[in-house]
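Since each chain sits alone in its own frame, please combine them into the complex, following the hints.
Below, each chain spelled out in residue letters.
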Amino acid sequence: MNAPWGALGVVPLVFACTGVADDRTERDESVGHYDVAGVKVDVDEGLAVVREANGEHVMLWSSAPLWTATVQGNFTDTYEVEVHNLVPGSALTATGPNDEALAVTLIDEPRSTVRRFSVAARGDRVELALVPPQSSKSGSFQFAVLSDIQSAVTEVRKILLRISDEPEVDFVLSVGDLTDLGTKDQLEFFESKLRMLKVPFYTTLGNHELFFSDKPPFQDLFGRANFHFHYRGVAFSFVDSASATLSPLAHHWLMEWLEHDRSRTHVFATHMPLVDPFGVRGGGFASRIEAHQLVAKLAEGRVDAAFYGHIHSFCAFSTAGIPSYISGGGGGRPELLDGVGRHYLMVKIDDNGLKDVRKIEVD
Amino acid sequence: MAFFVGDVPSPLRDIATQVNRPSCSILTVGVLVLVASAAQATPATTSVSDELPCATDDEVTVTAPRRVLATGLAVFPGFFVNGTGHWVASRPCTARRLLLAEGVGLGGMAVGIPTLAFTGAAHYLAGPAVLLTLGGFGVVLAAFGADIYGVSGASRYAGTPLLHRPSWETELGVLHVYNPNFDFNWLLTQRAAANVGHLNLSMALDTALDGAHARYRLGAGYRIRGPLPGTASRDGSFVDVDAGMSEQRFTGMGFVTDSAEVQIKGRLDLSQFGPTLRGAFAEGTTGIAYSRTTYVGISTDGDDEAMLLGRIGFGAYLGRKDRSGGEAMFYYDHRRDDYAAGVKLPGYGNGIVGHVGIHGRYFVSKQVGIGAVLETGSSHVANLSLLFRSGGHP
Chain A
1 MNAPWGALGV
11 VPLVFACTGV
21 ADDRTERDES
31 VGHYDVAGVK
41 VDVDEGLAVV
51 REANGEHVML
61 WSSAPLWTAT
71 VQGNFTDTYE
81 VEVHNLVPGS
91 ALTATGPNDE
101 ALAVTLIDEP
111 RSTVRRFSVA
121 ARGDRVELAL
131 VPPQSSKSGS
141 FQFAVLSDIQ
151 SAVTEVRKIL
161 LRISDEPEVD
171 FVLSVGDLTD
181 LGTKDQLEFF
191 ESKLRMLKVP
201 FYTTLGNHEL
211 FFSDKPPFQD
221 LFGRANFHFH
231 YRGVAFSFVD
241 SASATLSPLA
251 HHWLMEWLEH
261 DRSRTHVFAT
271 HMPLVDPFGV
281 RGGGFASRIE
291 AHQLVAKLAE
301 GRVDAAFYGH
311 IHSFCAFSTA
321 GIPSYISGGG
331 GGRPELLDGV
341 GRHYLMVKID
351 DNGLKDVRKI
361 EVD
Chain B
1 MAFFVGDVPS
11 PLRDIATQVN
21 RPSCSILTVG
31 VLVLVASAAQ
41 ATPATTSVSD
51 ELPCATDDEV
61 TVTAPRRVLA
71 TGLAVFPGFF
81 VNGTGHWVAS
91 RPCTARRLLL
101 AEGVGLGGMA
111 VGIPTLAFTG
121 AAHYLAGPAV
131 LLTLGGFGVV
141 LAAFGADIYG
151 VSGASRYAGT
161 PLLHRPSWET
171 ELGVLHVYNP
181 NFDFNWLLTQ
191 RAAANVGHLN
201 LSMALDTALD
211 GAHARYRLGA
221 GYRIRGPLPG
231 TASRDGSFVD
241 VDAGMSEQRF
251 TGMGFVTDSA
261 EVQIKGRLDL
271 SQFGPTLRGA
281 FAEGTTGIAY
291 SRTTYVGIST
301 DGDDEAMLLG
311 RIGFGAYLGR
321 KDRSGGEAMF
331 YYDHRRDDYA
341 AGVKLPGYGN
351 GIVGHVGIHG
361 RYFVSKQVGI
371 GAVLETGSSH
381 VANLSLLFRS
391 GGHP
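Chains as they are written, first to last, in this note's numbering: chain A, 1 to 363; chain B, 1 to 394.
Just chain B, same shape as in the assembly (with noise of 0.2 Å):
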């Protein structure tokens, strides 16, 4: 599809071509899928006397040398084939699971980037290919995270997650953000988010302190499946999916991006792997964003943009056993449209991958937290926050 010099297209038309509607029909069915199926899954019930999958990995005593050993073994050669620490520990249950979840990954990634490669890139496949791509690789990621985590003992001094949804939750904090080509570095982050039966509503605001911008946004979101306020859970996991409309206002820099997105978010509680596993997860994002930028002082219609949602991480909950405390994540997130946006790496293959972080939060008290998030892509991100909630626990 293309336009030439002399078409002056719909905006519509312009909207529906930036999109590729076949990309986006088969984005929009396969979440649909993903809606559906985890819609359709067992609801989570709050018996913890369920026996815990690969139950007689949980059998084994593993002497610390041996311990050392597996971990190390883990990370090399565990990083070509996941599951190998546990397989050394003893544990050949989760090993197997772990090793299959690397198969599917690698699988996901065998079939997307053939096709990004082979196809140059087409349009009509891109979308789906760098989501089988960016999946698979997130898949292969949680293995490897969980095997070195499940052999090295961390479970021991793991957290547990939060069974209950928090009625409400607030946030405010400082972010700062190094890019040389912007005219800002600090912000004052707010967030509020009411949680209401299945049901949230979020919004958020941040405001630079030292030039001309705000970015807003405001959230509705719908829990298929996880924790709600009164209601326990079995575990950490969860299934949310997730709408919003935001504004950037970059006027300092000659901008507005107004934008409209939706999102499919899941959680795996990983205790539903292996024992090995208690306290950690896995955690999946996907969706589309469309905007529109508008630029100040100039007369035209704004130019409307499509987005790939996508993100995947592995963490873990802090805290002690009897209460959940907090919890951190080392993720990679592919939209380009945010502070930390895409990373910049030295040679060729730049303007293609996404930023990475980490995230974490602890709660000193039942309603009082600290935030912390860094990230690294276009720009060095680091934000620190005060954490506010009520309800979330026992």
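One chain only, chain A, in its complex shape (with noise of 0.2 Å):
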């Protein structure tokens, strides 16, 4: 949290408005959809973002450890594709316009999360999938948690490589706050940190993303602020509660989410506390009745666990029932005599539910 600055918003008050989050979400749809000079590229839901395409090459930022998508163009050899963010190991897999299987060859792997691929395309369609390793598999698996990094990015390589330490982790989870101020200049340098770390990173925006413009570089480089996809029978929705709220359409959406995976183990993920714990201080939700709104949409949606960040401290509590957690340890400005330093989560889950959370110090 950063609350002088918020202070300043009293001055503009004659500005306010319920939809401040609109814009932000209809732009979340024109997410991983790219058409250029020939070249159409859709990712399904969004889940990875077109960094470039054109008719012999597409590169994109996954946003999620598995995803489909639908290229077009005149294909006449190979396509290089170029996938960023990737669980270690993954596949791509594509099939041509007759839904023929086509030959997908690994060029080469520059990092364990990045993997350039050759498609023998032939047409004008390639579908394509990236499939991690061990996707169909049921069990437990681990995640990590991070987030409210901010101003402490030139220190964030030190949480990077604990978490690459970890034995099982599979990715890692934010809830936004990754810079001050969210320029494009800043997010890039971000994006240059995660290069250490060895394991993907999926993450919504915070508030920090915001500083300076409602349509926010986030959404170029790292994706959509809503998003949902299915992990080994677990089901994970980002939403965008940077403006303390939800626009009406992530309303919308999230509630199809929750419908959709009622009988799944479902953790959700946004950056906004619903409710502050310490209520005296204030640092959740501008409107405490949307937030009970929503707590009673994830509780009836049966929602396992909830993390939270803004807060730059650790706590872990309930609401109606679902377990919760606020993990703003990225470094960002600490809150002081909460005997909370730098740190990142552990969390272990399975299709049955959330079994362990463990809060890891850093420093």
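If you are wondering where the hints come from, they were derived from the structure by calculation, not from laboratory data. Think of the CB as a built atom: it goes at the ideal place given N, C-alpha and C, for glycine as much as any other residue. Mixed in with the good hints there might be a few duds.
Some chain A residues judged to face chain B by a derived CB distance under 8 Å, without partners named [to be verified]: (1) His208; (2) Leu210; (3) Pro248; (4) Arg281; (5) Gly283; (6) Gly284; (7) Leu337.
Below you can see the structure in the form of structure tokens.
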């Protein structure tokens, strides 16, 4: 949290509106879609960002462990697909316009989270699918939780290396505030730091990503602010609450995901705590009515765990019986007097529910 | 303080931790100090012959062009240096008081804001720091508004405050709330209050006309000083302590919230500041609320929360000089559990600030009046009501 800057918000109160997140959510729908100079790329559910594309090559940044996409163009030989931020060992499958399997060759692997593939493409259409290893295997797995790095981005190396050294970690889940100001330069600098992370980093955005703009560069680099995927039988829903509220469209999407995955282990992740456990501080949603409405929906949807950031500390509590964790320990200006330092969480989960949450102090 | 997986805290420990005992202790002591100070203050008298402060400022005649200039300068640079308008209008006594008030307000903010910033909004200190910031901002806002009000000559048209408190008051109205996430928009609002001596008993009921929602509140208050039924006060200043219990039933949205709260509310009639400020007032409220939210169809104990209450406002009395007509006030309210809740702004600073509003009431006769409220925050709220009262006038 960075309360003083927020206090300046009192000044332009005349410009207050209820739809501050609407435009940003609508922009989400354009993420994962690219249509320039005869090449059209459509990633289903926007689960990857099209960083660049032409008639010979496409580069994608994955927002999820697995996704499917359609690339349309004029393919006569091979087509190169470069995927960043993937689960190590992920495979790429491809089918042609007649649903025929296409040969896919791994060209190289510059880092554990980056692979370049060559697809023997013909015709005008290729269907791609990113498939992580063990994707259909049930059983428990672990992911890390790391958020609110902000100004400590220059010191994030230590945390990322510690996470990389974890014996079993499939990916890092983040709820945003990756940088202080959310500018393109800062986000690209943060992305450069992720090169020392051996597993992918899946994230929504936080309020600091909105510092200068409600059309944040975040969406061009890291993907949608609202997205949802399944991984080894567990559902993950990331939702944009950076404006201390949900837009009606984001709310609608979340309701669909909750309804669809009622019988599945479900993890909910968003930046702003719906309710601040220390209520006098008031570090949660702008409206407690909206917050409780959302909690009621999460409980009705049988969410198994909720992860939040924004508050630069750690707190484990429950809302409507849902185990909830605030973990803003990435290094942003820490909350004093709480006995909590820089940290990340290790979460063990399987398709029967949440198994364990451990806080790992770094310093 | 943190719970960890596997802990099953008792409800009391839950509430205590939610409330944050150190902040709560500071707030409680603060409220008690305010109450004790107010109680020990010199009781208001009915003598109208007491000399007003800064009486010499009232002897100055200001030409219309100078008044226009002073009003403009009260806006800018008066926004930064409160009292500029009164200086230009040759009213130095009031100008000095406004500048001093601004200094006090900025001092509060200078303590509160850095405390929040440099402690990362430490939960032990957040409550008092927010109160200092809010109170300081309120004083600055009042001084800024008072400067403009005073030099613009608005006091010539202002009404008089209610010097006798009504024996009873009722209100019947319609409220419209716009929030895309709500499942209702229109409510019927009903209020009733009885004042007996220093005591105030109140009740309120809001019921949705197009959804499954109702909200009710029972309150009891004690007026430490200020207008009372049958006893005239010198001016409109008052200090009240109020306690209330409420229930908000959002059954269509899946939850019910029960709350208890205590707050202290004070109004300062700004005629005590200077003669140019006759007809204006500043108001402040602070307190704390505890709530438990239960969820429809979910079998858990419910979620306990605390909430800091705070409200600051600047207003003016409406009507004629020979009787009280009503009042209008612009205010900021820090509470987040009502319809308006916290404002949503473009950019990054959301979740911290409450909402703003304007309320007005005007009595067209001794007993009947109309009231209106406009608020904007997470929702847009508009309320129009009929007011009835008995007493409250000579």
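task: Hint by hint, work out which the structure violates, then give me just those numbers in ascending order.
output: none
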